[in-house]
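**Q** Using the hints, position chain B against chain A.
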Amino acid sequence: MTAVLAASAVRRRPAVSLGRWLEREGVFSWLMVALPVAFLVALVGYPFFYGIWISLQDRPVAKPGVFVGLDNFINDWHDPVFWQVVVNTFVYTSTATLLKMVGGLGLALVMNQDFRFKNLTRALLLLPFIVPTVLSTIAWQWILDPAFSVINWALMQTGLANPGPSWLGNPYLAMFSLIMVNTWRGLPFYAITLLAGLQTISPELYEAATIDGAGRWGRFRYVTLPLLKPIIFIVTMFSVIFTFSDFQLIYVLTRGGPANATHVFATYAFDVAMGAGQFGQGASIALSMVPPLALIILAMAIYMRPAKS
Amino acid sequence: MVAHSHQSRRDVLKLTALGAAGTLLGAAATQAAPKNLTMMHESSFVPPYDAFFKNNLAAAYEKATGIKVNYEVVSVGSLQTRVTTAAENGSGPDMTAIGFNWAFLFDDKFVDVSDIAVEIGKEGGGWYESAQESVVVGGKWKAIPFGNIGQLMNWRTDWFKQAGYDKFPDTWDELLEAGIKLKKAGHPFGFELGHGFGDNHGWLYPLLWSYGAREVEADGKTIVIDSDETARAVDFCRKFFKETMFEDVLGWTDVNNNKAFLSEQISCTNNAESILWSAKRDFPDMAKVIDQSENPKGPKGRFHMLNPLCHAVFTHTQDKQAAKDFLRWLMAPKQLGPWYDVAVTYYQPFLHAYDDAPMWKVEPRNLPYRDALKTAHLPGWPAPLSRAQSETIAKFVVIDMFAKACAGKSTKEVIADAQGQLKQIYKAA
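Those protein sequence lines, which keep their order, are chains A and B.
In terms of the numbering used here, the first sequence is residues 26 to 334.
In terms of the numbering used here, the second sequence is residues 5 to 433.
Quick caveat, the hints were computed from the structure, so don't treat them as lab data.
Quick caveat: nothing in here was measured; it's all calculated off a predicted structure.
Some hints could be false.
[To be verified] Dumping the calculated DSS-like pairs for lysine-lysine here, alpha-carbon to alpha-carbon at most 27 Å: (1) B:243 - B:416; (2) B:378 - B:126; (3) A:88 - B:144; (4) B:185 - B:292; (5) B:58 - B:338; (6) B:243 - B:225; (7) A:88 - B:328; (8) A:88 - B:431; (9) B:225 - A:88; (10) A:88 - B:292; (11) B:58 - B:171; (12) B:263 - B:187; (13) A:88 - B:324.
Next up, chain B with everything else stripped away, as it sits in the complex:
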């Protein structure tokens, strides 16, 4: 606005003329091959990963095809807003990284990439089943899965050893037992129960599922949160919170558990690989006594949260084929392998060809992230992708059900609250 007030009328006229000329040129350019493409990404937790795209991949592609690929990085947490803006205005980057169920939300604005997805799958030893869960909409692939940012148990081996545990407890009940001992020894657990995105969903949905409970049936209509299984999961969560943690976790967002773990306040949390990464960089001694394990088992099995990073092509892209060609090139082993490597398994590949890739040998403690892919699902599972699913997440229905129980409400009350909310949300779906 300030800039506008300084413009004279002549400037405005000049700009208008330029704009008109630009439009004409743009129209002419649709016929010719594009000179450049833009890919949008959220700033990575692993800086070399972003740098590798800009310096190596983009440069190599320009050399091979003459097409310049710009890499537009947006700040952490703002990607959805940017994707929304681009989709609504029909302008902006040609390709974008997406997560969760956005392939469904922005369905109409993303190009069908089924043909290259199938090719890439064949070339890469087949896709993990969970890869398709977030990108296949109405039988069509609306994005190419890139990698999962898994959420697993991060724990201190030295303190667990002092409490008598050489390996990570296999079930939730055993973990509770360990937690009671560790809290008494001055090393409580710290699992996020607040309004973050990753570290709360990362353990609460798996906990719910592992007790055999779910929000909605696979038909996407029948609400089944009000069950004995849910009640047992809630009761467990309350006990787990009271006897192994402290009140503050109820207000945590995604940054808090990393801070608490790295400052030696807690002995166990649920997180992505970022804690071990930071520890190796900043606290090498602590890094030696950190390990990562799959989520514990419940009465009905072991589960993990799917947190996929995928690439989609916007329909407003001038030359859709050029964007698809680029993605196809990007996902070929020659490009993909080294890109995964710089992030050392921070992004876990959805292609089986990478199951035994050398990057898994760099840090064997990351291996559970690979194994967790087999039991990983999106929040809302087993219901198919839907608008209601997004709303349930945005309204923190399941998270708050657990959090309210931990803060003192009765199991019956919190389930009734969640049931009421889910009924209202799914009615419109």
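One chain only, chain A, in its complex shape:
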């Protein structure tokens, strides 16, 4: 008799405790998170670690790889083009991001004013961001082609230069042109996001600041900027990541030329991995992006962290 009772008690207990266990907040929240985590592991984590694994191999296309340790990274270290790519990527990313940040903030401040056709202007502002990059880049290809360039045409008509500058043929101008096109494409993202941030700032704060004697600059410096800081941080982080790993724009306009003057990590890694069929080497170039990118983001996070009051 006691044996039977004991057995039934044993049988019943797990069902009860499983239900209760599932309802516990700690467990339930983890269950909810598990699915997205699995998703991330499958679609981001796996390719990432697979990339690391490949970068440690001598892995030609369509052939099995051989583990070589850090050989690929050592090769990169001794490759002069790799260092040119590093410098190019930093110049490209820092200049374009800075231009987008300053320009975007300025644009957002202007858009935050009241004027006629405000909504239409705001909508049009997004145009460079909406047009697919490959399409807009082909338009830029015409703009930057000296034979057909509207810029060169204007310069020649006004007698300022004849023939006009070689936008993509000169190494410095080519980098400059790419930065300009990237800025053109990325500006709306900055402007619209910052505009959204500006609209959340309560007008009372400005009133209070004015009463305290703050001028136009004072209001911007002590009210707008501190309150906008978290948003500037997020937007800049996104922008740095996207600019750092930019591919389409450069591949369509110069493919890294002239003489590697505009090669960046993504384009160089693609050429080596796909063009040369050296997956290991290509992966090592692409992965070299990660540490500096992580450092930049960490530094930004520390610098732009909202002050604790």
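**A** Quick look at chain B alone, frame taken from chain A:
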């Protein structure tokens, strides 16, 4: 990803079940003859060429054998990525068009087609020697050569005539002389020195070779780029650039010289037959004053770039024999001749039987493309096919050596740069 999020669990189960059934069916199908084959090609510059395969060749083959041949066209520039994907995953098209040294790169994933290659050669009056350069790997044919998309000199006869030239200059030095006169007359040359694929390699490798220089010896190991011959070629290139061209060519990719030529900005460039094609279609008056010639001679002879289009069979193909049978059928004169004809020598045959084919009479200005085959080689020549060769191309080592010299660096510096890069690249080979 978006599509997935709309799927319910039941849909997923259904799909899984279907997939399992499909696998079973697929396994069963290996025993029977395949009902269809797929051939992958890059979208041709000559649209009727693609249409002819789909509408005529595929239809005829289906009628004769009951096997449907699909023609999968990928966009220009994306073929290598697609071939890579198919080879890596072991799935996708059964046959593909390939170029350059891919027969070597994808060696393990391509079926040995030596038997039909030899047969086709016998039937077609013998293969050009250059045909074998890109497809024979370790003594085995890994693809069937189809045609070369040659790169030659495209020039304006009217402007050359004004400068006192009735025919195209025979040597690089004479071309330089002509270029100086033509640039003064407002008709500069425009040769690509940027990061394209065809139009830069098309003249810079031949230039290097014609001065007796090369990157690597025929042993595939000894690096010999640092030579007096290279220095002379580089010096010539710098002068040629400065005195006949303009800065923009340093940033050009393959589209730019076509645009510049057709908009009458330049009087001479190195290109495939596409310029004359477009001119005949869109600018008939200009087409009358365009001519095409072999590359000029240097101190050590005349050279051209080999730019072959070949057909390979993937090892993942269920019925390899069926794919080979199709290629064999395709390369028979009855099929091959008309297919070449629709593209009017845009693809120059690698079989001697077509040396005097009627298509050469349609446009006699294309004849130099046929003659150029005798002196055509792949970039990297005379070294055999290798991984290092691909890497040298992908890193634009030779192109950038010339481009840097044109942009102002000293000959010594640019050769040292190239030598350093080649040493690093070939060490692993």
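**Q** Hint check: residue 58 of chain B vs residue 338 of chain B, CA-CA at most 27 Å. Holds or violated?
**A** 16 Å, holds
**Q** Straight-line Cα separation of residue 243 of chain B and residue 416 of chain B no greater than 27 Å?
**A** Judged against 27 Å, a Cα distance of about 15 Å means the pair holds.
**Q** Given the hinted pair residue 185 of chain B and residue 292 of chain B, is their Cα-Cα distance within 27 Å?
**A** 22 Å, holds
**Q** Next pair to validate is residue 263 of chain B with residue 187 of chain B; report whether the Cα-Cα distance is within 27 Å.
**A** 18 Å, holds
**Q** Tell me if the straight-line CA distance from residue 88 of chain A to residue 328 of chain B falls inside 27 Å.
**A** Holds: residue 88 of chain A and residue 328 of chain B sit about 23 Å apart, inside 27 Å.
**Q** Would the hint linking residue 88 of chain A and residue 144 of chain B be met if the CA-CA limit is 27 Å?
**A** 18 Å, holds
**Q** For residue 378 of chain B and residue 126 of chain B, compute the direct alpha-carbon distance and say whether it is at most 27 Å.
**A** Within the cut-off at roughly 19 Å; holds.
**Q** Check the hint pairing residue 88 of chain A with residue 324 of chain B against an upper bound of 27 Å on the C-alpha distance.
**A** 20 Å, holds
**Q** Compare the distance between the alpha carbons of residue 58 of chain B and residue 171 of chain B with 27 Å, and conclude whether the hinted pair is satisfied.
**A** 41 Å, violated
**Q** Check whether the Cα positions of residue 88 of chain A and residue 431 of chain B lie no farther apart than 27 Å.
**A** OK: residue 88 of chain A and residue 431 of chain B at ~19 Å, within 27 Å.
**Q** Against the 27 Å threshold, does the CA-CA distance of residue 225 of chain B and residue 88 of chain A hold or violate the hint?
**A** 22 Å, holds
**Q** Between residue 243 of chain B and residue 225 of chain B, does the CA-CA distance stay at or below 27 Å?
**A** Since the Cα atoms of residue 243 of chain B and residue 225 of chain B sit roughly 31 Å apart, the hinted pair is violated (cutoff 27 Å).
In summary, the numbered hints that this structure violates are 6, 10, 11.
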